[in-house]
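Chemist: Quick mapping for you: the protein sequence lines, in order, are chains A and B.
Taking my numbering, the leading residue of the first sequence gets 1, the next gets one more, and so forth.
Taking my numbering, the leading residue of the second sequence gets 1, the next gets one more, and so forth.
By construction, these hints were calculated from the structure, which means they are not laboratory data.
From a predicted model like this one, the values you see are computed outputs, not experimental measurements.
Possibly wrong hints are sitting among the right ones.
Going by beta-carbon spacing under 7 angstroms, a handful of chain B positions derived as facing chain A [unchecked claim]:
no. : residue
1   : Ala13
2   : Ala29
3   : Lys33
4   : Val35
5   : Leu98
Below 25 angstroms or equal to it, Euclidean Cα-Cα: the simulated SDA-like pairs (lysine to any residue) are [to be verified]:
no. : chain 1 : residue 1 : chain 2 : residue 2
6   : B       : Lys33     : A       : Lys168
7   : A       : Lys92     : A       : Glu27
8   : B       : Lys33     : A       : Ala9
9   : A       : Lys92     : B       : Arg19
10  : B       : Lys33     : B       : Asp51
11  : B       : Lys33     : A       : Ala181
12  : A       : Lys64     : B       : Arg19
13  : B       : Lys33     : A       : Glu60
14  : A       : Lys168    : B       : Trp38
15  : B       : Lys33     : B       : Trp155
16  : A       : Lys64     : B       : Ala84
17  : B       : Lys33     : A       : Gln61
18  : A       : Lys64     : A       : Arg85
Backbone N, C-alpha and C define an ideal beta-carbon position, used for all residues, glycine too.
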Amino acid sequence: MRDDPSVVALVARAAEDDHDAWDELVERYAPLVWAICTRYQLSRDDVEDVGQSVWLLLVEQLSKLREPAALPGWLATTTRRECLRVLTAARKSQLAAGMLGDAPSSADDTAIDEELLISERNAALRAAFAELPPHGQQLLAMLFRDPPCSYAEISATLGIATGSIGPKRARYLERLRQSDALIGFDEHEFTTSTPGGGHGA
Amino acid sequence: MPESWDDDQLLAALGEAVRAREAVPDTFAEMGKSVYAWHNIDAELAQLTYDSSREQDHDVVASMRSASTGAENASVRALTFTSAHLSLELEVTDGSLLGQVIPPQAGTLEAQTRAGAITTTPVDEIGCFSVTPTPASPFRLRCRTVTGTEVLTGWITL
């Protein structure tokens, strides 16, 4: 995992009572915590429980994190541990009640590591996307929608000629590639997971 | 950034990234943000070390069932939270929350619900306190003793 200077700065600001920095950390990493909970197939209440514990532990650790740059890894490990805690507790009470359900679903280390890589990539992509001008965001959003909007629809909605959509698409994607948020990424981090492949819910 | 990606791959990755954020309910992220209220609270976190609802084995369940036929203590839930300096022993019934600080000492106890409501209760010289009615679940307790020790429990879900 690369050292992301923006994470280090956010952690430092949040440790100094900067609520906005904390909110930004949560915005950025809530999808990671959520995705790991999803891997463990927790109930909605248990997901809330895990999330609460993870953020609370982070609040307590803010000024003590030895390597703020390693925050995503710390969050993944902590979330995983909290998920297991909740599952173990549920399992115990099932045993006590004589209702032996299925063994808790588990997510192995590889799955969590993959979730972490995808989450980091996604956070960087969203940060880069947020730097685009509004009309660039609108255009790309219509194109990456599943299923994507037709050029005719985009042309009508954004008031641009269909012939200019292709060139604009290429230009905004190039801007995305060159943005600070993405430029530091090491290509090797992405070789294990190409977009659209293997990212199960 | 993977410069080997072509435009289609980059666009697909971007869509995936935006959808991953949209998949997270706003309430989940909001809850995470509200946790910041606990920043810089100089309290030790007390861990749940005993929970009667989770420690029962078959024998205990069986003996409680036989012993409590008609008895009023069937619905009591006992919990213990332990930190480096003190423990909180709790008994929760339908109507109230009773507890004791161990080692016994006076202080104040706050019960906070997730919605933010706070009930403050005195802790007497032998460490006993009572919160009535039982706070809305989930809640957590923060105890400050006269000797200056401060502990905070994890969330308690009834």
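Chemist: The structure should be examined with respect to each hint, and the outcome stated for every one.
Modeler: So, going through the hints one by one against the coordinates:
1. About 4 angstroms separates the beta-carbon of alanine 13(B) from the nearest beta-carbon of chain A, less than 7 angstroms, and the hint is met.
2. A distance limit of 7 angstroms between C-beta atoms decides the matter here; for alanine 29(B) the minimum to chain A is near 4 angstroms, and the interface restraint holds.
3. At a threshold of 7 angstroms, the smallest CB-CB gap from lysine 33(B) to chain A is about 5 angstroms, leaving the interface hint in force.
4. With a least beta-carbon distance of about 4 angstroms to chain A, the hint placing valine 35(B) at the interface is held under the 7 angstroms criterion.
5. A cut of 7 angstroms between beta carbons decides the hint on leucine 98(B): the least distance to chain A is about 23 angstroms, and the hint is violated.
6. With a CA separation close to 36 angstroms, the supplied pair lysine 33(B) and lysine 168(A) exceeds the 25 angstroms bound.
7. As the CA atoms of lysine 92(A) and glutamate 27(A) are separated by approximately 34 angstroms, the hinted pair breaks the 25 angstroms bound.
8. Our distance criterion of 25 angstroms between C-alpha atoms is met by lysine 33(B) and alanine 9(A), whose separation comes to about 18 angstroms.
9. Between lysine 92(A) and arginine 19(B) the CA atoms are separated by roughly 36 angstroms; this puts the pair beyond 25 angstroms, and the hint is violated.
10. Straight-line distance between C-alpha atoms of lysine 33(B) and aspartate 51(B) comes to about 29 angstroms, which puts the hinted pair past the 25 angstroms bound.
11. Distance hint between lysine 33(B) and alanine 181(A) is fulfilled; the C-alpha atoms sit about 23 angstroms from each other, no more than 25 angstroms.
12. Proposed proximity of lysine 64(A) and arginine 19(B) is contradicted: the alpha carbons are some 33 angstroms apart, above 25 angstroms.
13. With a CA separation close to 14 angstroms, the supplied pair lysine 33(B) and glutamate 60(A) stays within the 25 angstroms bound.
14. Restraint check for lysine 168(A) and tryptophan 38(B): the C-alpha separation of about 46 angstroms exceeds 25 angstroms, so the hint is violated.
15. Straight-line distance between C-alpha atoms of lysine 33(B) and tryptophan 155(B) comes to about 16 angstroms, which keeps the hinted pair within the 25 angstroms bound.
16. Restraint check for lysine 64(A) and alanine 84(B): the C-alpha separation of about 18 angstroms stays at or below 25 angstroms, so the hint holds.
17. Of the pairs offered as hints, the one joining lysine 33(B) and glutamine 61(A) holds, with about 15 angstroms between alpha carbons and a cut-off of 25 angstroms not exceeded.
18. Our distance criterion of 25 angstroms between C-alpha atoms is met by lysine 64(A) and arginine 85(A), whose separation comes to about 23 angstroms.
Hint check: violations occur at hints 5, 6, 7, 9, 10, 12 and 14; the rest are consistent with the structure.
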